[in-house]
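Protein chains: 2
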Amino acid sequence: MLEQSRIAPEGTLQPERRAAASLRVLIADDHDLLRDALVLYLESEGGIETETAPDLPSAVARIEAGAVFDLVLLDVMMPGMNGLDSLQEVMALRGGQRVALISGTGSPEMAERALGLGAAGYLPKTLPAKSLINAVRFMAMGEQYAPLDFLRTAQAEATNPLASRLSRRELEALKGLVAGKSNKEIARDLGVTEPTVKLHVKTLYRKIDAHNRTQAAMIAREAGLF
Amino acid sequence: MLEQSRIAPEGTLQPERRAAASLRVLIADDHDLLRDALVLYLESEGGIETETAPDLPSAVARIEAGAVFDLVLLDVMMPGMNGLDSLQEVMALRGGQRVALISGTGSPEMAERALGLGAAGYLPKTLPAKSLINAVRFMAMGEQYAPLDFLRTAQAEATNPLASRLSRRELEALKGLVAGKSNKEIARDLGVTEPTVKLHVKTLYRKIDAHNRTQAAMIAREAGLF
DNA sequence: GGCGACCCTCTCCGAACGGATAGGGGGCCT
DNA sequence: AGGCCCCCTATCCGTTCGGAGAGGGTCGCC
Chain A
1 MLEQSRIAPE
11 GTLQPERRAA
21 ASLRVLIADD
31 HDLLRDALVL
41 YLESEGGIET
51 ETAPDLPSAV
61 ARIEAGAVFD
71 LVLLDVMMPG
81 MNGLDSLQEV
91 MALRGGQRVA
101 LISGTGSPEM
111 AERALGLGAA
121 GYLPKTLPAK
131 SLINAVRFMA
141 MGEQYAPLDF
151 LRTAQAEATN
161 PLASRLSRRE
171 LEALKGLVAG
181 KSNKEIARDL
191 GVTEPTVKLH
201 VKTLYRKIDA
211 HNRTQAAMIA
221 REAGLF
Chain B
1 MLEQSRIAPE
11 GTLQPERRAA
21 ASLRVLIADD
31 HDLLRDALVL
41 YLESEGGIET
51 ETAPDLPSAV
61 ARIEAGAVFD
71 LVLLDVMMPG
81 MNGLDSLQEV
91 MALRGGQRVA
101 LISGTGSPEM
111 AERALGLGAA
121 GYLPKTLPAK
131 SLINAVRFMA
141 MGEQYAPLDF
151 LRTAQAEATN
161 PLASRLSRRE
171 LEALKGLVAG
181 KSNKEIARDL
191 GVTEPTVKLH
201 VKTLYRKIDA
211 HNRTQAAMIA
221 REAGLF
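Protein chains in written order, with the numbering used here: chain A, 1 to 226; chain B, 1 to 226.
Everything labelled a hint here was simulated from the structure, so no lab data went into it. Glycine included, every Cβ here is placed at the ideal spot set by N, Cα and C. Some hints here could point you the wrong way.
With the C-beta cut set under 10 Å, the calculated list includes, among others, these residues of chain B facing chain A [what the hints assert, rightly or not]: (1) 34; (2) 104; (3) 182; (4) 190; (5) 219.
Cross-link-like lysine-lysine pairs, in silico, DSS-like; alpha carbons within 25 Å at most [stated by the list, open to error]: (6) B:202 with B:184; (7) A:184 with A:202; (8) A:198 with B:184; (9) A:207 with A:175; (10) B:207 with B:175; (11) A:207 with A:184; (12) B:198 with A:184; (13) B:198 with B:175; (14) A:184 with A:198; (15) A:175 with B:175; (16) B:130 with A:184; (17) A:130 with B:130; (18) B:184 with A:202; (19) B:198 with B:184; (20) B:207 with B:184; (21) A:175 with A:198; (22) A:175 with A:202; (23) B:202 with B:175.
Using the sequences and the hints given, assemble the complete structure.
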């Protein structure tokens, strides 16, 4: 396994007396344990100023109140968080802060999409703590950060698990199946007629080798979809 | 929302010199970030000696090598870990160490089963860092620890969503639903006629609050059945 | 231009599903 | 004994599925 991308500390660690130019980071995560530990670590070991928020609205409020951060870390699974939409929302806030996602489950495809949208980085919680400080500095400098081995599995999964053989509409229909909806409900959600949904459902059955909607839903779940 | 528990520096950080009678804790977790941060926190704020392991075999090897710990923390989701079996395995090792689980997903029913098996505690990762040190000390004293509100939802869920309200036949029918089988197939598997299966299916819908077989299958999966 | 995708709409039909209702049978309890 | 729960069987009916046709539409690419 390759060494993940990290930057050289280049210079000595700041003493805990922070210079006026020290980094300011906002950490938004509902896991108190992780959040508190991160604060302690970044502050004591990295000489980085931190603030925290337990959910997305708090984080947004903090930024809109005028606080300026070099970097904002968002947990992808916390109250108020809606995946990449929330990421874009925070990035669009005034202040021009850079935003990175931090994830426990670590979905490589989401990592790629986030980086594609301009996220500052994607930090799996499996990241060694030492790498974290480097990553934070790296991202605050305007670079994008993600563990290399992490993205490598992303490409492997992008071809393999094959939910990508489905068309956009078929994926949307499958999403409805997983939710236990009827064809009629799915049709309403998608703004099309029921026969159309039935067609999409039928074709996606063939693609994923299912014989009925329940099997299709279970297969989608197994694959980690939705 | 309450002020999140943040580590109040309250005085100076302990110098790294520890008392001889301090507690020794082994932390086994594959999340480097969390693990490193926990170490730093427990050592600096709690005056607790720590060792770490990135997976279950390493932890077991460390104990079998003769290391003595007051408490062992095991992540329920890490390499080599097989739920409660691994918990019992570690508890059975020589040394008589007490073992607690630490979990990110936080399944109340697993918490209760773990405590029933004699685990020292069950720590969700949503636990505030300040509570953690108290919990560790508490468990090292021989008590069992689990967050109260956590177990309260456990009881609520134990009575509520539990599949145990289903009769034997209904459970067997539900098993067929999860497999994506038709009523006719289920009937053949169970050795009964199709109308009977339809009745079981219908009644179990009411019990688990589903409206069709796909929803029932998903609910069963959510609950960890099959 | 033609070609191949993906998408949408519609019809037809047999099968399966979801729900209600009405029985009969065996245990287990008071 | 009767009462209760669970299991099994059955019939009826309206809806939904699953599968098959046969169209027409928009793209992008050769």
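Hint by hint, here is what the structure shows:
Contact between residue 34 (chain B) and chain A, as hinted, is supported at the beta carbon level, the nearest pair being about 6 Å apart and thus within 10 Å. With a least beta-carbon distance of about 6 Å to chain A, the hint placing residue 104 (chain B) at the interface is held under the 10 Å criterion. Below 10 Å, beta-carbon pairs count as interface contacts, and residue 182 (chain B) has one with chain A at about 7 Å; its hint therefore holds. Look at residue 190 (chain B): its Cβ only gets to about 17 Å from chain A, farther than 10 Å, so that hint breaks.
Interface restraint check for residue 219 (chain B): the shortest CB-CB distance to chain A comes to about 9 Å, inside 10 Å, so the restraint holds. Proposed proximity of residue 202 (chain B) and residue 184 (chain B) is supported: the alpha carbons are some 14 Å apart, at most 25 Å. For the given pair, residue 184 (chain A) sits about 14 Å from residue 202 (chain A) by alpha-carbon distance, which is consistent with the 25 Å threshold. Between residue 198 (chain A) and residue 184 (chain B), the direct Cα distance comes to roughly 23 Å. Compliance with the 25 Å bound is thereby established for this hinted pair.
For the suggested pair residue 207 (chain A) and residue 175 (chain A), the alpha carbons sit about 15 Å apart, so the restraint of at most 25 Å is met. Proximity of residue 207 (chain B) to residue 175 (chain B) is assessed by CA-CA distance (about 15 Å); at most 25 Å being required, the pair is judged to hold. Proximity of residue 207 (chain A) to residue 184 (chain A) is assessed by CA-CA distance (about 22 Å); at most 25 Å being required, the pair is judged to hold. Proposed proximity of residue 198 (chain B) and residue 184 (chain A) is supported: the alpha carbons are some 23 Å apart, at most 25 Å.
Between residue 198 (chain B) and residue 175 (chain B), the direct Cα distance comes to roughly 14 Å. Compliance with the 25 Å bound is thereby established for this hinted pair. A C-alpha spacing of about 9 Å is found between residue 184 (chain A) and residue 198 (chain A), which places the hinted pair at or below 25 Å, so the restraint holds. In summary, the hint linking residue 175 (chain A) to residue 175 (chain B) is supported, as the alpha carbons are separated by about 22 Å, within the 25 Å threshold. With a C-alpha separation of about 51 Å, the suggested pair residue 130 (chain B) and residue 184 (chain A) falls outside the 25 Å cut-off, and the hint is violated.
Taking the CA atoms of residue 130 (chain A) and residue 130 (chain B), the gap is about 22 Å. The hint holds against a cut of 25 Å. Distance hint between residue 184 (chain B) and residue 202 (chain A) is fulfilled; the C-alpha atoms sit about 21 Å from each other, no more than 25 Å. Taken as a hint, the residue 198 (chain B) and residue 184 (chain B) pair is honoured in the structure, with Cα atoms around 9 Å apart against an allowance of 25 Å. For the given pair, residue 207 (chain B) sits about 22 Å from residue 184 (chain B) by alpha-carbon distance, which is consistent with the 25 Å threshold.
Between residue 175 (chain A) and residue 198 (chain A) the CA atoms are separated by roughly 14 Å; this keeps the pair inside 25 Å, and the hint holds. The suggested pairing of residue 175 (chain A) with residue 202 (chain A) holds, with an alpha-carbon distance near 14 Å, which does not exceed 25 Å. Between residue 202 (chain B) and residue 175 (chain B) the CA atoms are separated by roughly 14 Å; this keeps the pair inside 25 Å, and the hint holds.
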